Amino acid sequence: MNIQDFESQYRDAMAETLNELQTAMLMLAQVQRKISEIGSNVQNLSQNVEDFITTQKPE
Numbered sequence: 023m024n025i026q027d028f029e030s031q032y033r034d035a036m037a038e039t040l041n042e043l044q045t046a047m048l049m050l051a052q053v054q055r056k057i058s059e060i061g062s063n064v065q066n067l068s069q070n071v072e073d074f075i076t077t078q079k080p081e
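Numbering (my numbering), first residue to last: 23 to 81.
Think of the hints as simulated: they come from the structure by calculation, not from any bench.
Model, not experiment: these values are computed from the prediction.
Even glycine gets a Cβ: it sits at the ideal position worked out from N, Cα and C.
Keep in mind that a hint or two might mislead.
Calculated lysine to any residue pairs in the SDA-like style (CA-CA distance at most 25 Å, straight line) [to be verified]:
(1) Lys56 <-> Ala46
(2) Lys79 <-> Leu67
(3) Lys56 <-> Ser68
(4) Lys79 <-> Ser68
(5) Lys56 <-> Leu43
(6) Lys56 <-> Gln69
(7) Lys79 <-> Val64
(8) Lys56 <-> Asn70
(9) Lys56 <-> Asn41
(10) Lys56 <-> Asn66
(11) Lys56 <-> Val71
(12) Lys56 <-> Glu42
(13) Lys79 <-> Gln69
(14) Lys56 <-> Leu67
(15) Lys56 <-> Thr45
(16) Lys56 <-> Gln44
(17) Lys79 <-> Asn66
(18) Lys79 <-> Gln65
Distance ranges between label pairs, derived from CB positions [claimed, not checked]:
(19) Ala51 <-> Asp73: 25 to 35 Å
(20) Gln31 <-> Gln65: 42 to 52 Å
(21) Gln26 <-> Ile60: 42 to 52 Å
(22) Gln26 <-> Leu48: 26 to 36 Å
(23) Glu38 <-> Ser68: 43 to 53 Å
Whenever a hint applies, use it, and build me the whole structure from the sequences.
Here's what the structure looks like:
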C-alpha cells in the first residue's frame, strides 16, 4: 500500500465515521424530544386522574 492509498482509505473511513456520528447525534436528539414528550403526557395524564378523583370523592 502506498501513501496515496493509505490517505484515501483514511479519508473515506473518517468521512464514514463522522457521518455515523452525525446520524447518532440526530437520533439522540429525537430520543430526547420523545422522552420529553412522553414525560409531558404522563404529567398530563396524572393531573387528569387526580382531578377526576378529586371530583368523584364524596364531600
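Hints versus structure:
1. Lys56 <-> Ala46: holds, 15 Å
2. Lys79 <-> Leu67: Given pair lysine 79, leucine 67 holds - Cα atoms ~18 Å apart, limit 25 Å.
3. Lys56 <-> Ser68: Between lysine 56 and serine 68 the Cα gap is close to 18 Å, so the pair holds against 25 Å.
4. Lys79 <-> Ser68: Given that 25 Å is the threshold and the Cα spacing comes to 17 Å, the pair holds.
5. Lys56 <-> Leu43: holds, 20 Å
6. Lys56 <-> Gln69: holds, 20 Å
7. Lys79 <-> Val64: It holds: about 23 Å lies between the C-alpha atoms, which stays within 25 Å.
8. Lys56 <-> Asn70: holds, 21 Å
9. Lys56 <-> Asn41: Given pair lysine 56, asparagine 41 holds - Cα atoms ~23 Å apart, limit 25 Å.
10. Lys56 <-> Asn66: Roughly 15 Å between the alpha carbons, so the hint for lysine 56 and asparagine 66 holds.
11. Lys56 <-> Val71: Since the Cα atoms of lysine 56 and valine 71 sit roughly 22 Å apart, the hinted pair holds (cutoff 25 Å).
12. Lys56 <-> Glu42: The given pair, whose Cα atoms are some 21 Å apart, holds under the 25 Å limit.
13. Lys79 <-> Gln69: holds, 16 Å
14. Lys56 <-> Leu67: Distance ~16 Å between lysine 56 and leucine 67 Cα, so the pair holds.
15. Lys56 <-> Thr45: Between lysine 56 and threonine 45 the Cα gap is close to 17 Å, so the pair holds against 25 Å.
16. Lys56 <-> Gln44: holds, 18 Å
17. Lys79 <-> Asn66: Distance of about 20 Å is within 25 Å: holds.
18. Lys79 <-> Gln65: holds, 21 Å
19. Ala51 <-> Asp73: 25 to 35 Å: With Cβ atoms ~33 Å apart, the hint holds.
20. Gln31 <-> Gln65: 42 to 52 Å: holds, 51 Å
21. Gln26 <-> Ile60: 42 to 52 Å: For isoleucine 60 against glutamine 26, whose Cβ atoms are near 51 Å apart, the range 42 to 52 Å holds.
22. Gln26 <-> Leu48: 26 to 36 Å: holds, 33 Å
23. Glu38 <-> Ser68: 43 to 53 Å: holds, 45 Å
Checked against the numbered hints listed earlier, the structure breaks none of them; every hint is satisfied.
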